[in-house]
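Asker: As a plain string of letters, each chain reads:
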Amino acid sequence: NAGVTQTPKFRVLKTGQSMTLLCAQDMNHEYMYWYRQDPGMGLRLIHYSVGEGTTAKGEVPDGYNVSRLKKQNFLLGLESAAPSQTSVYFCAGGPPGTGHQPQHFGDGTRLSIL
Amino acid sequence: TQLLEQSPQFLSIQEGENLTVYCNSSSVFSSLQWYRQEPGEGPVLLVTVVTGGEVKKLKRLTFQFGDARKDSSLHITAAQPGDTGLYLCAGADRLADSWGKLQFGAGTQVVVTP
Numbered sequence: 015n016a017g018v019t020q021t022p023k024f025r026v027l028k029t030g031q032s033m034t035l036l037c038a039q040d041m042n043h044e045y046m047y048w049y050r051q052d053p054g055m056g057l058r059l060i061h062y063s064v065g066e067g068t069t070a071k072g073e074v075p076d077g078y079n080v081s082r083l084k085k086q087n088f089l090l091g092l093e094s095a096a097p098s099q100t101s102v103y104f105c106a107g108g109p110p111g112t113g114h115q116p117q118h119f120g121d122g123t124r125l126s127i128l
Numbered sequence: 885t886q887l888l889e890q891s892p893q894f895l896s897i898q899e900g901e902n903l904t905v906y907c908n909s910s911s912v913f914s915s916l917q918w919y920r921q922e923p924g925e926g927p928v929l930l931v932t933v934v935t936g937g938e939v940k941k942l943k944r945l946t947f948q949f950g951d952a953r954k955d956s957s958l959h960i961t962a963a964q965p966g967d968t969g970l971y972l973c974a975g976a977d978r979l980a981d982s983w984g985k986l987q988f989g990a991g992t993q994v995v996v997t998p
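Line order of the protein sequences matches chains A and B. Going by my numbering, the first sequence opens with residue 15, and the numbers climb by one from there. Going by my numbering, the second sequence opens with residue 885, and the numbers climb by one from there.
Keep in mind that the hints are not guaranteed to be accurate.
To be verified - Here are the computed lysine to any residue pairs in the SDA-like style, where the Cα-Cα straight-line distance is at most 25 Å: (1) Lys-85/A with Leu-929/B; (2) Lys-954/B with Lys-85/A; (3) Lys-85/A with Thr-968/B; (4) Lys-940/B with Lys-71/A; (5) Lys-941/B with Gly-111/A; (6) Lys-954/B with Val-74/A; (7) Lys-940/B with Lys-85/A; (8) Lys-23/A with Ser-982/B; (9) Lys-23/A with Gln-993/B; (10) Lys-943/B with Val-102/A; (11) Lys-23/A with Lys-941/B; (12) Lys-23/A with Thr-968/B; (13) Lys-71/A with Lys-943/B; (14) Lys-954/B with Lys-23/A; (15) Lys-23/A with Glu-925/B; (16) Lys-954/B with Gly-56/A; (17) Lys-84/A with Lys-954/B; (18) Lys-940/B with Gly-56/A; (19) Lys-71/A with Leu-929/B.
Hints listed in this document are in silico derivations from the structure and should not be mistaken for laboratory results. These numbers were taken from a predicted model, which means no experiment stands behind them.
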């Protein structure tokens, strides 16, 4: 039972390069979320999706794009990486609801932008 | 954006001691969740509290939701080294169209030494 799987686990990029982070879940979650975690700032929501083919902006969406072509996958893209995007990125999935339901997280992708 | 403030930021105690972590906001939440995160892993849900004044116990962990649903606390009795981790609180909005989004606090790093 894999749960929520993120790839890659680590990546180093140069400023201006692009990349895509993949999140795959086998829990049949309707909702999926991308967060970034920085020291002293907790988890901040980047983008989220409430179903296949839908995406919406979170608290810190600038510089990122997302796609949810299939229910089980949620992709986070950086078109032109910047040092300010150095962070640990977490994907999470959850059932529909008003927030009483738990979110299940992947183990994160540690991204460094030089 | 509803802000959640956690205190203290860091807590180091000896095995067997008790500790309390606080999560405060000026806003009302429909529910509040507590997660624990260990190095290199994603947060894992410990508990969800929904009703104002609610108290939930999970073995040596006691969670309380404030009467006004603006604050919460986590109390650990007789802490063990296995309790070491980053404790995060997360609040859910009262709005029906919140889409399960959570507002996270910055976390309290707890270190329990033998």
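Asker: All the hints need checking, so say for each whether the structure fits it.
Answerer: Comparing the hints with the structure gives:
1. Using a Cα cut-off of 25 Å, the hinted pair Lys-85/A and Leu-929/B holds, with the two alpha carbons roughly 23 Å apart.
2. Between Lys-954/B and Lys-85/A the CA atoms are separated by roughly 34 Å; this puts the pair beyond 25 Å, and the hint is violated.
3. For the proposed pair Lys-85/A and Thr-968/B, the alpha carbon gap of about 35 Å is over 25 Å, so the pair is violated.
4. Restraint check for Lys-940/B and Lys-71/A: not satisfied, since their Cα atoms lie roughly 34 Å apart, outside the 25 Å limit.
5. Taken as a hint, the Lys-941/B and Gly-111/A pair is honoured in the structure, with Cα atoms around 24 Å apart against an allowance of 25 Å.
6. For the hint pairing Lys-954/B with Val-74/A, the CA-to-CA distance comes to about 24 Å; that is within 25 Å, so the pair holds.
7. A C-alpha spacing of about 34 Å is found between Lys-940/B and Lys-85/A, which places the hinted pair above 25 Å, so the restraint is violated.
8. The straight-line distance between the Cα atoms of Lys-23/A and Ser-982/B is roughly 30 Å, outside the 25 Å bound, and the hint therefore fails.
9. Taking the CA atoms of Lys-23/A and Gln-993/B, the gap is near 23 Å; set against the 25 Å cutoff, the hint holds.
10. This hinted pair does not check out: Lys-943/B and Val-102/A have alpha carbons roughly 31 Å apart, beyond 25 Å.
11. As the CA atoms of Lys-23/A and Lys-941/B are separated by approximately 34 Å, the hinted pair breaks the 25 Å bound.
12. For a cut-off of 25 Å, the pair hint linking Lys-23/A to Thr-968/B stands: about 23 Å separates their Cα positions.
13. Of the supplied pair hints, the one linking Lys-71/A and Lys-943/B is violated, its CA atoms being roughly 38 Å apart against a limit of 25 Å.
14. Restraint check for Lys-954/B and Lys-23/A: not satisfied, since their Cα atoms lie roughly 36 Å apart, outside the 25 Å limit.
15. Between the alpha carbons of Lys-23/A and Glu-925/B the distance comes to roughly 11 Å, so the proposed pair stays at or under 25 Å and holds.
16. Between Lys-954/B and Gly-56/A the CA atoms are separated by roughly 18 Å; this keeps the pair inside 25 Å, and the hint holds.
17. At most 25 Å may separate the alpha-carbon atoms for a hinted pair to count; Lys-84/A and Lys-954/B exceed this at roughly 37 Å.
18. The suggested pairing of Lys-940/B with Gly-56/A holds, with an alpha-carbon distance near 24 Å, which does not exceed 25 Å.
19. Distance hint between Lys-71/A and Leu-929/B is fulfilled; the C-alpha atoms sit about 24 Å from each other, no more than 25 Å.
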